[in-house]
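*Asks:* Letter by letter, the chains look like this.
2 protein chains.
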Amino acid sequence: MKTNIPFTLDTKKSISALGETALIKQIKIWLGKTNPRSPFGIGDDCAVLPASKTSQLVTVDPIIYGRHFDQSVTAEQAGSKLLKRNISDIAAMGGKPTYCVISLSLDSHVKLSWLKSFYTGLRKTAEKYFILIVGGDIAETKGACSATLTLLGKTASKRFLTRHSAKPNDFIFVTGKLGLSLQSGHHYSFTPRLNEALWISKQTAVNSLMDLSDGLAKDINCLVPKKAVACIYSDKLPLRSKASIKEALCDGEDYELLFTVSNKTNPEHFKSRWKKKFPNVELSLIGHMCPQGKRPSNALNLSAFQGYEHLSKQ
Amino acid sequence: MKTNIPFTLDTKKSISALGETALIKQIKIWLGKTNPRSPFGIGDDCAVLPASKTSQLVTVDPIIYGRHFDQSVTAEQAGSKLLKRNISDIAAMGGKPTYCVISLSLDSHVKLSWLKSFYTGLRKTAEKYFILIVGGDIAETKGACSATLTLLGKTASKRFLTRHSAKPNDFIFVTGKLGLSLQSGHHYSFTPRLNEALWISKQTAVNSLMDLSDGLAKDINCLVPKKAVACIYSDKLPLRSKASIKEALCDGEDYELLFTVSNKTNPEHFKSRWKKKFPNVELSLIGHMCPQGKRPSNALNLSAFQGYEHLSKQ
Chain A
1 MKTNIPFTLD TKKSISALGE TALIKQIKIW LGKTNPRSPF GIGDDCAVLP
51 ASKTSQLVTV DPIIYGRHFD QSVTAEQAGS KLLKRNISDI AAMGGKPTYC
101 VISLSLDSHV KLSWLKSFYT GLRKTAEKYF ILIVGGDIAE TKGACSATLT
151 LLGKTASKRF LTRHSAKPND FIFVTGKLGL SLQSGHHYSF TPRLNEALWI
201 SKQTAVNSLM DLSDGLAKDI NCLVPKKAVA CIYSDKLPLR SKASIKEALC
251 DGEDYELLFT VSNKTNPEHF KSRWKKKFPN VELSLIGHMC PQGKRPSNAL
301 NLSAFQGYEH LSKQ
Chain B
1001 MKTNIPFTLD TKKSISALGE TALIKQIKIW LGKTNPRSPF GIGDDCAVLP
1051 ASKTSQLVTV DPIIYGRHFD QSVTAEQAGS KLLKRNISDI AAMGGKPTYC
1101 VISLSLDSHV KLSWLKSFYT GLRKTAEKYF ILIVGGDIAE TKGACSATLT
1151 LLGKTASKRF LTRHSAKPND FIFVTGKLGL SLQSGHHYSF TPRLNEALWI
1201 SKQTAVNSLM DLSDGLAKDI NCLVPKKAVA CIYSDKLPLR SKASIKEALC
1251 DGEDYELLFT VSNKTNPEHF KSRWKKKFPN VELSLIGHMC PQGKRPSNAL
1301 NLSAFQGYEH LSKQ
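Going line by line, the protein sequences match chains A and B. My numbering puts the first residue of the first sequence at 1, with every later residue one more than the last. My numbering puts the first residue of the second sequence at 1001, with every later residue one more than the last.
Incorrect hints may have been included.
Claimed, not checked - Pairs of lysine-lysine residues, derived as DSS-like cross-links and limited to a Cα-Cα distance of at most 25 Å, are as follows: (1) B:K1227 - A:K28; (2) A:K142 - B:K1142; (3) A:K25 - B:K1142; (4) A:K227 - A:K277; (5) A:K116 - A:K25.
As the list claims (entries may be wrong) - Far from chain B, by Cβ distances over 10 Å, these chain A residues were calculated: (6) T34; (7) P39; (8) K53; (9) S113; (10) A205; (11) T265.
Read the hints as simulated data drawn from the structure, not as lab findings. For every residue, glycine included, the Cβ atom is placed at its ideal position computed from N, Cα and C.
Use the sequences and the hints to build the structure in full.
*Replies:* And the structure:
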């Protein structure tokens, strides 16, 4: 039976059977054209990248076995997820991804076949989004199967959107469905909202943008402007099938876009333009940024909900 | 007694006592001016970097507790080492470091005081080399205390040096002393050869350049041109105090520069120019790239020596 467990006790099938130099040669083959020739790709002390005319973006996110993926996920899905969760961060600024480097922490018992499939997932996703994989590092770490990816990007125009420019009374929009990402497999099967974010970043009425990774109830705090409070209505939340309100608010890894739009905009008009552009991606108006002390009684008390906490408090 | 062990069983003193949001706030304070305001530093989905007029460089290297440092090294030294080993890679192309992002994998029992000192080491080193620390990620990982740093750089001029342009008959030079890096503390106290590499990259007679991280005997293979073989002489090796020939050839983490110079150059003239420029940094002519089949009998048989192997063969 085929298993997704990354480790093997059969040393002939493990990465240690190859050793580092041969393994790097293999990785170059697995990556194909997504890895340009050295020094523009793997094979020197650094990778050399062309000059960039516009502002650049940089983000870093890992995936760790036992934390961001487990044996319910294939190696190819894990590799794809690693790149997509970083793409989602580039999207969240209204940018386009360009180049990445990958640092692997692997136990010597990691299966060569697992790693090959992991790189297949990376390569296919890189090809899809025109990303070049230009370098990396491998370190042996007892018990580990994890990878950290740093992704560079460029701003699509002079304008990029941040988390820090929402205005009081802005409308709050969210794409897609929320909650139960882990249970539904959405956490690895999702499509980063790159095109949607590019369109959003061109709309001058949009004031702020981010992607949802730690749950709406936690993440929305990053957008709330001074002297305001986020008012979100439970009946407006786009619940994933079988998800509760709490799961839609607190579950991590939605990888959807959360953004605010000036209250001078007609939200129905905004939504109808969206629908024409992205007929298959749901867009929900879930609330607005109220001036402090003016939260309507039917708005959710978000402080009662906790999002995903990266460091478990004890 | 003060200890360098990163972990504590006293949860009040561990990073988990703070939780992620408060910890990121702390990190921003610890980094001071080396972390610019969001979105140019920590605090958004990506960091925004200015456009770059010249080619850029990118490299990634981790440090892992139990592998790249242990309790003989203070947290501040560990933080400094993480940045310096990446700076050494930027130097090895003749570049200047610019921006970095850091991804942490930490057990929830990591001491807050340890992490503070680690960031002090990072900050001081970043200040010294005019590097901005613009972003990162924290993931809780059982038993781990490791950090992966991705460093960007720029080429100082249109010229950058690679590992792939040495010519047959080139002279082989190395800076500093070799061997016993771990035993002598050199692996954390070293100064990356940034200024020296910038000077080297401006010398048109220099054909190739790299930094030594896995031991001369292994690393030199990256420079050897086709139809040539590296001829190195044991009496020319700059041994660190108490180091044997084998240790100078095989020990890792020298962080010295290895480069080749056209045989049309007068090596003594080259060395005297070096001495004028860098009176405190030793430069040794250790051999040359012989045409294949013409290795002098007194040259070392390098294939008999193994450098540092990142993946233990079993």
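*Asks:* Give me the numbers of the hints this structure contradicts, sorted from smallest to largest.
*Replies:* 3, 4, 7, 8
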